[in-house]
Amino acid sequence: MMSQEKNDEITLVGADQPAGQLLRHYWMPAALAVELGGPRPVAPVRLMGEDLVLFRREDNTLGLMSRFCPHRGVDLCYGRLEGGGIRCSFHGWHFDQTGQCTEQPAEPDGSRMHERIKISSYPAVEKNGVIWTYMGPGEPPAFPALDCFRAPDTHVFAFKGLWECNWLQALEIGIDPAHASFLHRFLQDEDPADGYGKQFRDKAAQSDMPMTKVLREFDNPELKVEETDYGLRIIALRDLGNGQRHVRVTNQVFPCAITIPMSNEMTITQWHVPVDDTHCYWYSMFTSFGAPVDKEKMREQRLKEHRLPDYAPLRNKSNEYGYDPEEQKTLTYTGMGLDINVHDQWAVESMGAVQDRTREHLASSDAAIVRYRRMLRAAIKSVKLGEGDLPLVIDEATAKDIQGPISIDAIGPTEEWESVWTDRDAGRRASCTWDAALS
Amino acid sequence: MGSKITVHFVRPDGSVEAVEAETGESVMQAAVFNDVEGIEAECGGSCMCATCHVYFDDAVSSLLPEAEEEETVMLEDAAAEVRPTSRLSCQIKLTAEMDGIKVQIPDRQY
Numbered sequence: 001m002m003s004q005e006k007n008d009e010i011t012l013v014g015a016d017q018p019a020g021q022l023l024r025h026y027w028m029p030a031a032l033a034v035e036l037g038g039p040r041p042v043a044p045v046r047l048m049g050e051d052l053v054l055f056r057r058e059d060n061t062l063g064l065m066s067r068f069c070p071h072r073g074v075d076l077c078y079g080r081l082e083g084g085g086i087r088c089s090f091h092g093w094h095f096d097q098t099g100q101c102t103e104q105p106a107e108p109d110g111s112r113m114h115e116r117i118k119i120s121s122y123p124a125v126e127k128n129g130v131i132w133t134y135m136g137p138g139e140p141p142a143f144p145a146l147d148c149f150r151a152p153d154t155h156v157f158a159f160k161g162l163w164e165c166n167w168l169q170a171l172e173i174g175i176d177p178a179h180a181s182f183l184h185r186f187l188q189d190e191d192p193a194d195g196y197g198k199q200f201r202d203k204a205a206q207s208d209m210p211m212t213k214v215l216r217e218f219d220n221p222e223l224k225v226e227e228t229d230y231g232l233r234i235i236a237l238r239d240l241g242n243g244q245r246h247v248r249v250t251n252q253v254f255p256c257a258i259t260i261p262m263s264n265e266m267t268i269t270q271w272h273v274p275v276d277d278t279h280c281y282w283y284s285m286f287t288s289f290g291a292p293v294d295k296e297k298m299r300e301q302r303l304k305e306h307r308l309p310d311y312a313p314l315r316n317k318s319n320e321y322g323y324d325p326e327e328q329k330t331l332t333y334t335g336m337g338l339d340i341n342v343h344d345q346w347a348v349e350s351m352g353a354v355q356d357r358t359r360e361h362l363a364s365s366d367a368a369i370v371r372y373r374r375m376l377r378a379a380i381k382s383v384k385l386g387e388g389d390l391p392l393v394i395d396e397a398t399a400k401d402i403q404g405p406i407s408i409d410a411i412g413p414t415e416e417w418e419s420v421w422t423d424r425d426a427g428r429r430a431s432c433t434w435d436a437a438l439s
Numbered sequence: 001m002g003s004k005i006t007v008h009f010v011r012p013d014g015s016v017e018a019v020e021a022e023t024g025e026s027v028m029q030a031a032v033f034n035d036v037e038g039i040e041a042e043c044g045g046s047c048m049c050a051t052c053h054v055y056f057d058d059a060v061s062s063l064l065p066e067a068e069e070e071e072t073v074m075l076e077d078a079a080a081e082v083r084p085t086s087r088l089s090c091q092i093k094l095t096a097e098m099d100g101i102k103v104q105i106p107d108r109q110y
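Chains as they are written, first to last, in my numbering: chain Z, 1 to 439; chain C, 1 to 110.
Don't read these hints as lab results, they were simulated from the structure.
The C-beta atom is built at its ideal place from N, Cα and C for all residues, glycine as well.
Within a straight-line C-alpha distance of at most 30 Å, the following computed BS3-like cross-link-like pairs (lysine-lysine) qualify:
1. Lys295(Z) with Lys203(Z)
2. Lys127(Z) with Lys198(Z)
3. Lys4(C) with Lys6(Z)
4. Lys102(C) with Lys381(Z)
5. Lys317(Z) with Lys213(Z)
6. Lys295(Z) with Lys127(Z)
7. Lys6(Z) with Lys102(C)
8. Lys203(Z) with Lys213(Z)
9. Lys4(C) with Lys93(C)
10. Lys400(Z) with Lys381(Z)
11. Lys93(C) with Lys6(Z)
12. Lys295(Z) with Lys198(Z)
Partner residues are not named here, just some residues of chain C that face chain Z (Cβ under 10 Å, in silico):
13. Asp35
14. Glu40
15. Gly45
Looking at chain Z on its own, in the form it has when it is part of the complex (with noise of 0.2 Å):
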């Protein structure tokens, strides 16, 4: 529970507001590069509650600037791609790859008056099937040596969607293990061999219990929480009651991502980007360490989900989730569906535009969330004062030493809960087909 100011101070995304500061400080995903992949490569990008235009330059460069035209606000995504940059179909004025005004055509020969108008532009590269974009002061960090990025581009798949929640919000469930026990609970097990590309399906490490029945029947794990240098690490510990006990490892990447293990083979690296201060786009990558990624089959699921051009789930406020009560006596612990991603998009929606933390009280379970409110409180303060360290902005020689993080289900004796994850974990990197050795 915090008061309003701080609540604020915590949450909002503009270049003005102190979160908003701080998470400018980092690369963040501004468009899936499927995106710009129709016959004229420009798409919108609201960031940060920047409205920007994405656009493939002539020379195969990502831009991106200012979408309105300063002269009378146009769109800019219906500009003419020149020369580097964008020539408004207005009054042709053109913007270069700086967002530097160049030339206004309809205005006398030698004025100088485009001298003095300038757009934003910033940085953009594309990585694994994300678009990625800097905007905030002086140069951007070094992308850490995780294995989303590691990972060669077949072994990676890139999805995104729309909540209409608060960046924080979105994130602070990504951090809270107790929730799948009861949020995503089904009340059956489906066969885990129908479970390709969805969270829970699989069998729970080298047993031969679905994940989704050790989630179900061990209700209240033990949680340890451990700041990293990438964030925090977050242990939950089942005891299955037989002399072992299931762990499962999960993380925070600072400032507003997430690794979580998805199956036996993949993990999802997932960030919680603002749009706004009242949406968000999670952006996941999906990451495997054994066969190529079918991103086909992936993108089809979850096309069936969502609507282009903006990844809006098709499940949502307006239609209440698909609720069923029927479905909530017998299937699911929510009545939402078996799409556990609706279930935590209901969760994080219901709580409002933007979580009243003032009316909040935290238990023992948000131990995670706990931690991590103090570590981004801490980096704010820090971007105030303009001194100390912020996680992960590192350069290059650091950004190396960066790597996993380690996301994984193991099962083991209780007693050796600590060598079974990083044992487990050890051997899938030892027979992966690309380098994923830690160092």
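Start from chain Z and add chain C according to the hints.
Frame of chain Z; chain C shown alone:
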């Protein structure tokens, strides 16, 4: 709706922040709703987190209702030194007699 009183929160460095509070609310609520630094109140007053720990001076301390077992047990987890005058401020309701009291904020809550 209660009546207005003043509570003086004393920071670890000795400086004082006077806030307007209402009888019936807890000392913790008076701090959180006035944005007083140093009282975290993560569990929102459920006596579950020991991050609303404060010290009262001796005179006030003896006037307060005795701590219930739940509070005494939870106080053991407080991060800062636990003194005879330590209380969890979410468990202390403000009354008219407490107008003007001083409440000492410990050096840390975690």
